[in-house]
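Enquirer: Chains as they are written, first to last, in our numbering: chain A, 1 to 272; chain B, 1 to 278; chain C, 1 to 340.
Simulated from the structure, these hints should not be mistaken for laboratory data.
Everything numeric in this text was worked out from a predicted model, so none of it was measured.
It is possible that some hints are incorrect.
[Unchecked claim] Using C-beta positions, here's what the derived DEER-type ranges look like:
#, chain 1, residue 1, chain 2, residue 2, range
1, B, Val77, C, Val147, 37 to 45 angstroms
2, A, Val10, C, Val147, 26 to 34 angstroms
3, B, Val77, C, Lys134, 39 to 47 angstroms
4, B, Ala133, A, Leu252, 28 to 36 angstroms
5, C, Gly56, B, Phe23, 30 to 38 angstroms
6, A, Asn190, C, Asp258, 53 to 61 angstroms
7, B, Phe23, C, Thr309, 52 to 60 angstroms
For each residue, glycine too, the CB sits at the ideal point set by N, CA and C.
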Amino acid sequence: MNAQTEPRFVRIALITIALAFFGVFVLLPLFCVFFHAFSKGWVYYVQTLRHPDALAAMRMTVTTALVAVPLNLVFGVAASWAIVKFDFKGKNLLLSLIDLPLSVSPVISGLVFILLFGAQGYFGPWLVAHNIQIVFAPPGIILATIFVTFPMVARELIPIMRSQGSEEEEAALTLGASGWETFWRVTIPNIRWGILYGIILCNARAMGEFGAVSVVSGHIRGLTNTLPLHVEILYNEYQFTAAFAAASVLALLAIVTLIAKTTVEMAIKRGR
Amino acid sequence: MSKRFVERSILPGFSLSLGFTVFYLSLIVLIPLSMLFFKTASMSWGGFWEVVTSARTLAAYRLSFGTALVSAGINAVFGLLIAWVLVRYSFPGKKIVDALVDFPLALPTAVAGIALTELYAPNGWLGRYLALAGIKGAFSPVGITIALTFIGLPFVVRTVEPVLEDLDPQLEEAAASLGANRWQTIRKVIFPVIFPALLAGFTLAFARGIGEYGSVIFIAGNMPMKTEIAPLLIMTKLEQYDYAGATAIAVGMLLISFFLLASANFLQWLSSRKLGKA
Amino acid sequence: MRSVRSYGFITALFAVLTLVTPVLAAPKVTLLNVSYDPTRELYQAFNKAFAAHWLGTAGAEVEINQSHGGSGKQGRAVIDGLQADVVTLALAYDIDAIAEKTDLLPRNWQSRLPSNSTPYTSTIVFLVRKGNPKGIKDWDDLVKPGVVVITPNPKTSGGARWNYLAAWAYALKHNNNDEAKGREFLAALFKNVPVLDTGARGSTTTFVERGIGDVLLAWENEAYLVVNQLGKGDYEIVTPSLSILAEPPVSLVDRNADRHGTRAVAEAYLKYLYTEEGQEIAAKNYYRPRLEAVAAKYAGQFAKLDLVTIDDPLFGGWQKAQKKHFADKGVFDQIYQVNP
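One chain only, chain A, in its complex shape (with noise of 0.2 angstroms):
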């Protein structure tokens, strides 16, 4: 028997408990899903999907998730960097700070943008009197957004950097390389795959946030609903099957993103 591996019978047991796990918790909703969405066969989806409220709220949750997903990218790098590579007072409390966003209710996070630019809130006053509309309009979906999915990417770098340390960085340094030449040669490469893992996790939950953009999106047709929106407008319309095809959307978003993430692993594997 080998030590680095674990005997035959293991492994098959393991693998089979991992995917019946996996089977009834994620297969099986998402069967269900691709199942109601055909119910009425392929024309009446494609029919669903090209309808212009559909349309609509395709756009707006691509646009949304390209504003939100870079601006968290840039501070996930920035905060892991600051993390893991420094010891500094603080660092727990920043760490907690970072996680705080995904523990407060969906419900909360649409609400604290309400009481910051509503026509009650904060800045209400002085956005009505400019005539510059944030809630209830596209910048405070975008903006719902960024707060929910805010420390996916930071999320994701922390223990991939730290469980590779400093000391490639360190090395770099004292050979001559400059910080910025240290950080895109030695530590970005280092990271591609969480940041990968990150980008991905960070869009799929941009794309399907529901709770704090319905609390700020207004539900207007065609104008402020993202698609998790459209998909509630069509169930409550009773339309089932156009509801649960709009859902399919962003799942298969959710595994075009995947496929493409190992091609590209696999590009990667191939060139070395």
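With chain A fixed as given, assemble chains B and C onto it according to the hints.
Expert: Same frame as chain A, but now just chains B and C:
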């Protein structure tokens, strides 16, 4: 001050990275969240205390934190197992499983709630078998736990996976050549390395579960004192235009979860420090 | 210091974001109608008719955007700045709240349009499964042990409040206005409720799709929608001996309309609800019309029953009813304290 704010390091970029981190954090998180405290401050201390310690609020807190804890525990065990299987073993369909791990995140929570209710309702595909076994799936704390397990799974898998992938095979070889058996290697060598990430994943799943609304309201049943989660209580306060009461419950939740997050981070820090010294 | 700096930053960020969003530059006149959940089908049809009418009379194109959600949530959104030109909500209480917390519309809004500003009404009826296996005929059948009742949560749903108040009215009328008996009745009723969804449409889904419950308390128009569209032949409507006259009100949101320059078209929009065409559309969507002629035409569609109004001394108007029954520690909360 005898001790410096930051330990000397040869690495550059401390002020830039920390400066940006703090700036962005304040802008996106701290300033908006401070509004909660401002709004709550419009209540008297007694009023605040009455709201957060009323029997109904306490029951909701208990339910939200309890189900989140149980589901995070389930996810820690099975999420670790899934990550392990994905990184270490090969089996047919592995790439597909790997790709689908993020599915619960990508699915809008409302859809998740609807799909899960559909599955676990007494007339659902799985609910009918649970019903035969005398277990009420949907519309009970079991249903809430199921929803939160679904929501939280990717957090554990995705935080543990990269660390497992990066694990230096030499460590295991060394352990093996020193005569450790497989179980000892896993327990003494591998587990300590992945523990911080596992804890992080557990904490994330737990924290996310506490506040979850969209997926839970469909499956919870929403009965006062029994299956009424804390975020729903916030919604009912808002419905009465009682912003102060709503923010008071939110602040209560926030303080408890902040305390939990802080302790988890502290534990993680402790364990990674121990690892660094070893 | 930080807050001042970031304030500038936020402003700049949003100035940019607002500029790049194409949404705000609409070519024709647009109205935003902020409404509650079950009116989707009604306003889909009505908006089409009104757009044609406005094009014919005023010669201008008008596009009406719709926002739907729980009545209270929608009212709150308008208070917090959702740019509604008109509101069409489930309860006068929610429009009162807008008038009370903001100066968007005057406090006497309800007296500005005929019939208390409610162009159509509805009531609460029972929806039962085919053949009515539990033999449910009236409110007192709902408190019998073993009958499973589905209703949304009165704390979060406007429709659920009408349901609750209708039950209260029945209990008091049959117990010589004895409030203690009324409480007992409601406690027994809610003991039979296994799920409290947050909205009326959620309850319908629980009843229809999940197959839970023997009877659904529903808006009359929702009940018809289920019977005619969702499950043809699987459900029956039972009209109780007494119910409540649900009056969903409409109003112009003056300040928003003035700022958008849409007052004229918004007022015409609401008035059109009272015309024969508007009433006809309401009736076709199973709302009870106010106009005699239309009411007579559709008389066969709506069962006759005793209807109490919210202004009945039993309730004394929405403000009182809300405070007594649905506020914190109100009667509804007490039911759940004694009946955990």
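Enquirer: For every hint, state whether the structure bears it out.
Expert: A quick look at each hint next to the structure:
1. In this structure the supplied range 37 to 45 angstroms holds for Val77/B paired with Val147/C, their Cβ-Cβ distance being about 42 angstroms.
2. At about 54 angstroms, the beta-carbon gap between Val10/A and Val147/C misses the expected band of 26 to 34 angstroms.
3. Against the hinted window of 39 to 47 angstroms, the Cβ-Cβ separation of Val77/B and Lys134/C comes to about 45 angstroms, which satisfies the hint.
4. Taking the beta carbon of each, Ala133/B and Leu252/A are about 35 angstroms apart, inside 28 to 36 angstroms as hinted.
5. Evaluation of the 30 to 38 angstroms hint for Gly56/C and Phe23/B yields a failure: the beta carbon distance comes to about 57 angstroms.
6. Against the hinted window of 53 to 61 angstroms, the Cβ-Cβ separation of Asn190/A and Asp258/C comes to about 60 angstroms, which satisfies the hint.
7. Roughly 57 angstroms separates the CB atoms of Phe23/B and Thr309/C, a value that falls within the hinted 52 to 60 angstroms.
Figure legend: structure checked against the earlier numbered hints; hints not met, in rising order: 2 and 5.
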